[in-house]
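Trainee: Protein chains in written order, with the numbering used here: chain A, 1 to 329; chain B, 1 to 443; chain C, 1 to 181.
Rather than coming from a laboratory, the hints here were simulated on the basis of the structure.
Wrong hints could be hidden among the right ones.
[Claimed, not checked] Here are the simulated EDC-like pairs of lysine to aspartate or glutamate, each with C-alpha atoms no more than 20 Å apart in a straight line:
| hint | chain 1 | residue 1 | chain 2 | residue 2 |
| --- | --- | --- | --- | --- |
| 1 | A | 56 | C | 93 |
| 2 | A | 85 | C | 176 |
| 3 | A | 56 | C | 119 |
| 4 | A | 56 | A | 81 |
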Amino acid sequence: MLETAATRDTTSSPEGEHRWTAKDLLDTDVLTRADIDLILETAEAMAEVRARPIGKVATLRGMTVVTLFYEQSTRTRASFEVAAKALGADVVNLSASGSSVEKGESLVDTVRTLEAIGADLVVMRHGRSGAPYLAARNTRAGIINGGDGTHAHPTQALLDLYTMRRRIGPLAGKKVVIVGDVRHSRVARSNIWTLLAEGADVVLCGPATLLPHTLAGIGEAGSCTVTTSLDSAIEGAHVVMALRIQKERQESGLIPSMREYITGYQVNARRLAAAAPHAFVMHPGPMNEGVEIAPDVAHGLASVVEEQVANGVAVRMAILYLLATARSI
Amino acid sequence: MKADTGTLIRGGRVIDAGTGIDGRVDILIRDGYVAGVGPNLAAEGAEIVDASRSIASAGFVDLHAHLREPGFEQKGTIASETEAALRGGFTTVCAMPNTSPPPDSATQVEALTERILRDARVRVFPIGCVTKRREGRALAELAELAAAGCVAFSDDGSPVADGRLMRHALELAAALGLPLSEHSDDPVLNANGVMHEGRISERLGLQGQPAAAEITAIARNLALCEATGGRLHIAHISTARGVELIADGKRRGLHVTCEVTPSHLFLTEDSVFGRGPSPAYDTNARVNPPLRTESDRRALLAGVNAGVIDAIATDHAPHATEDKLCEFDDAAPGISCIETALGTVMTLVARGELDLVAALRALTLGPAAAFRLEGRVPGIGSLADGAPGDVVVIDPAVRWAVDPAQFASKGKNTPLSGQELTGAVRAVVVGGRLAFERGVVHA
Amino acid sequence: MSGEPHLGPDEIGRTVRRLAHEIVENNRGTGGLVLVGLLSRGVPLATRLAAAIEEFEGTAIPVGSLDIGLYRDDVTRRKAPPSLRPSSLPGIDGATVVLVDDVLFTGRSIRAAMDALVDFGRPARVRLAVLIDRGHRELPIRPDFVGKNIPTALVQSVRVHLRELDGEDAVYVYGEEASHA
């Protein structure tokens, strides 16, 4: 199922460098190693731009980036807006409330309208899995998936990977534990694809009712295993990624109580002691401190959460840049 | 008006479960009824339909189609959907009652019958509701519905979830001699599910409909069938275990029959993902019950081949474009398949997955017997003398690609767009009259 | 198509040393000099120039690298640009920045480089040193220090190979020369 390089267009420039050719970024499952490396290298250049006194360039001047968020989000939307503006693009923010979206305009009509008014790229977040795919099929504008239902969150996975590689280099053979409500996590899914592409050993951990059934063992490189024991998962782990556990899961009977979850699955200092030396802790945010992650760990030396957020702007700049420049080919 | 000189379907390989015929013979139809089947029949003045390189069968009988009228004419009308049925080789269609208003009283059935007489291109039998307004709360007046001409009862689209209501319905229907065609699923287990719960639903982040929802419902229905002596017909079966349960029920002498759709014989959950590297979230593959796994599909094929599954019934469900051009969770379930049914069946035969004789039986005699239609129209679904002059001529070798824009149905919602199929309807005779010929329009 | 190089390693070495002297002479010494190479091949050239200057002047000159990908004027138009890399510049406020590139052609890269420099600070002055000038300027850009002038036809191309990146030092000219009417 993880079909990658064979079906992707890998035209290269005369210098033999890999190019980005896709109109959209909907998930990380179709990215080749070359695609991922291109995104991360470009992100490095963007990070350098951000570090300058004037952290902006005018490269995408004249382009319009629309953020179309059907689901609430402060950090992801703000991150994209900063990224687009840092490249000199014009940004329009649309949200589900107070726009024609609420009046029942269909998604297809909405994206077609956006295209007609000049949107070049649309960053979309939607509560229904698959919505960005529908949008992408029905508009010439480039669609960047900012999160769809429980399916995918490619930009998060890419900034997570960027963060990991900056800290520990290539991930081949490294053990990465993802703990929490993996079954309903779009962050987990997109991370699984990138980590497998990198040849990492992914361990998915959580209560049985919150684990996927069919994702173990997939991928051409690396490995993906599933376990309900965090103690065994965290042993020797190089990276521990904690996922947000939502109250709704308890309300719908998937976990008996938050207390039981905390006892079994909270990422805390005691458990981290069994991880590899210099292991670090990641979280896509926002954190429920005291639930999936102990407060001292959330703000401790091992936590790279703030780095993730900072890296998010650079990675999103890279993605906007690559999609925008591919549009003229 | 001149005397009917008849129609001769000449030289086809006639396969008819009703009479046991399988051979190259002619079919003669006079005055709208089968007058004889045999080699080199003489028929002066008869219209000749050349079936020399074809298969000839009794016209197909569909136990399950959604004609959408009254109430949903933007999705389909009796006129458009029976034209589609005709082109699919179906000369008899049973209309499911999830219309608006639904036929839950004699008045509604009479109004529906008027429309049918006025607009239908093929024979249409109405199916009446089990419960008032299909709400699943109170039984409809079943005896009235039967007297008005309903051939079966169903709340299709929904199950009769209340076990006690289902039990009473089976008892009453049994007394009327009519089957209850039940959409078997457990709505609580299936809550919010939009496709088969399994590998693909997990991959796509879509809520799943577990096989257990259908299996538990079938088990419940079989137990009630046994307790009441009623006639139970399981609609659109989709699980391997469901087929096993029905086989077991039949072995034990229960009055149970069942049907499977051509879509479930041909496709699996992979159709939702599509063929590309990126998921398609193909809403055209959204249907209830959902397309399931390859092992379920194989069990369904085996069920048809073994005769455990009595009928191939299309569950033809046309939808308007906007009902499918939306997010998967919001898409209306259903496949417009009455025009691709025969093509998919013949392709499965060509691949060696379906037995030709068993498949044709499941399209003709099987369904007619399941709903005991021969009591209303003697010989229906067969080519016995006196049977209605409904014949379908099939070209088993023609290769064609599905193009929904060419459908007569208003519903272009098929996951088979572009799919190459082997085998197609070449001609259809209805009541002795050549009503459809591939590539030719008949009034 | 490669054939004989137009310039070989010895000539390139001599040219670099001459350029280094010219830069120092023009600047009346090494004060305030910063050499900024345009990625990719401007960078090893800038490094070599700095090494040569240090050799005969005894002073180390700061060297930086500049990626102009984000400043090109054709970015959202035609060809996809090569991958971006981070720039790395020492302080340039008040400095005499010498931009260094391998081939000067239309001048658009240099325009982009000047735009980029502005984002890093405010040099006192900006000079341009190129190994090869092949003509066909599309913008009013003039080099201050030129290694070699090689007049070319538009259909030709000039490629500089440097051992740091390409394993050899050579300048190649490809393609047919224009026939003279």
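Trainee: Give a verdict on every hint.
Mentor: Going down the list of hints, with the structure as the test:
A C-alpha spacing of about 18 Å is found between residue 56 of chain A and residue 93 of chain C, which places the hinted pair at or below 20 Å, so the restraint holds. Restraint check for residue 85 of chain A and residue 176 of chain C: not satisfied, since their Cα atoms lie roughly 45 Å apart, outside the 20 Å limit. Proposed proximity of residue 56 of chain A and residue 119 of chain C is supported: the alpha carbons are some 8 Å apart, at most 20 Å. A distance of roughly 13 Å separates the Cα atoms of residue 56 of chain A and residue 81 of chain A; the hinted pair therefore holds under the 20 Å criterion.
When each numbered hint is compared with the structure, a violation occurs for hint 2 only.
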